[in-house]
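Visitor: Taken in order, these protein sequences are the chains called W and S. Using my numbering, read the first sequence as starting at 26 and increasing by one per residue. Using my numbering, read the second sequence as starting at 35 and increasing by one per residue.
If you are wondering where the hints come from, they were derived from the structure by calculation, not from laboratory data. These numbers come from a predicted model, not from an experiment. Heads up, the beta-carbon is just placed ideally off N, CA and C, and yes, glycines get one too. Do not take every clue at face value.
Pair by pair, the computed Cβ-Cβ distance ranges are [stated by the list, open to error]:
1) S:E61 to W:H63: 16 to 24 Å
2) W:S76 to S:P52: 41 to 49 Å
3) S:V86 to W:E42: 47 to 55 Å
Partial pick of chain W residues on the chain S-facing surface, computed with a CB cut under 7 Å [to be verified]:
4) I68
5) S70
6) L71
7) F118
8) E121
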Amino acid sequence: KNEVEQSPQNLTAQEGEFITINCSYSVGISALHWLQQHPGGGIVSLFMLSSGKKKHGRLIATINIQEKHSSLHITASHPRDSAVYICAVRPNFGNEKLTFGTGTRLTIIP
Amino acid sequence: DAGITQSPRHKVTETGTPVTLRCHQTENHRYMYWYRQDPGHGLRLIHYSYGVKDTDKGEVSDGYSVSRSKTEDFLLTLESATSSQTSVYFCAISRSGYEQYFGPGTRLTVT
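Next up, chain W with everything else stripped away, as it sits in the complex (with noise of 0.2 Å):
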């Protein structure tokens, strides 16, 4: 079983629809964070978080430590939000490393 797992793998989803990305995971971490991917892009950062919530334009990030749980949400969904959306944590002991979840496909049709 993966340390981390994400859900769904892939979706679909309406321009302007609401978008839940979950990620669960199995150990004690000190941060947890998502990263994008575009088709044939590189890996860039969206958030890290340890706690709550955080906000970044349509983009939002929560986490629930006791449960171990994290959630992404994107309001109003454009199709150039279309990509794969990684969810990656850092566990206490080795916390230098991240464990990172497979990835969700994200695919917003106009």
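Could you slot chain S onto chain W? The hints should help.
Guide: Frame of chain W; chain S shown alone:
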């Protein structure tokens, strides 16, 4: 964007040949990482470095070696490439071991 480049960006090589991938940073970050990305798997750590000449193995280090002789360069070497090493390779850097910044990736095909 963090100043991080990878070379080459694409490479096709034959089984059994040696291959070296280069990661170069201009940010003077302490930590550098090599990952591979394959369908159905998350990014997997091959090797990482926490300083000049200080390196350690990741979860998929077999068949790979690394060197870091100066802060800005982290080299990944496949001594004898195999088809199972066909992948996209990403380098990442980090100042403190927390947030990581990724390079553009190198697509390697071993025929």
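Visitor: Now look at each hint and say whether the structure bears it out.
Guide: Structure-based check of each hint:
1. Checked against the hint of 16 to 24 Å, the C-beta distance between S:E61 and W:H63 comes to roughly 22 Å, which is consistent with it.
2. Our hint of 41 to 49 Å for W:S76 and S:P52 holds, since their Cβ atoms are close to 47 Å apart.
3. Checked against the hint of 47 to 55 Å, the C-beta distance between S:V86 and W:E42 comes to roughly 49 Å, which is consistent with it.
4. At its closest, the beta carbon of W:I68 sits 4 Å from a beta carbon of chain S; the interface hint therefore holds under the 7 Å criterion.
5. Checking W:S70 against chain S: minimum C-beta separation of about 6 Å stays under 7 Å; hint holds.
6. Of the supplied interface hints, the one on W:L71 is violated, with its beta-carbon coming no nearer than about 11 Å to a beta-carbon of chain S, more than 7 Å.
7. The interface hint given for W:F118 is broken, as the beta carbon of that residue sits about 13 Å from the closest beta carbon of chain S, more than 7 Å.
8. Given the 7 Å rule on beta carbons, the hint for W:E121 holds: about 3 Å separates it from the nearest Cβ of chain S.
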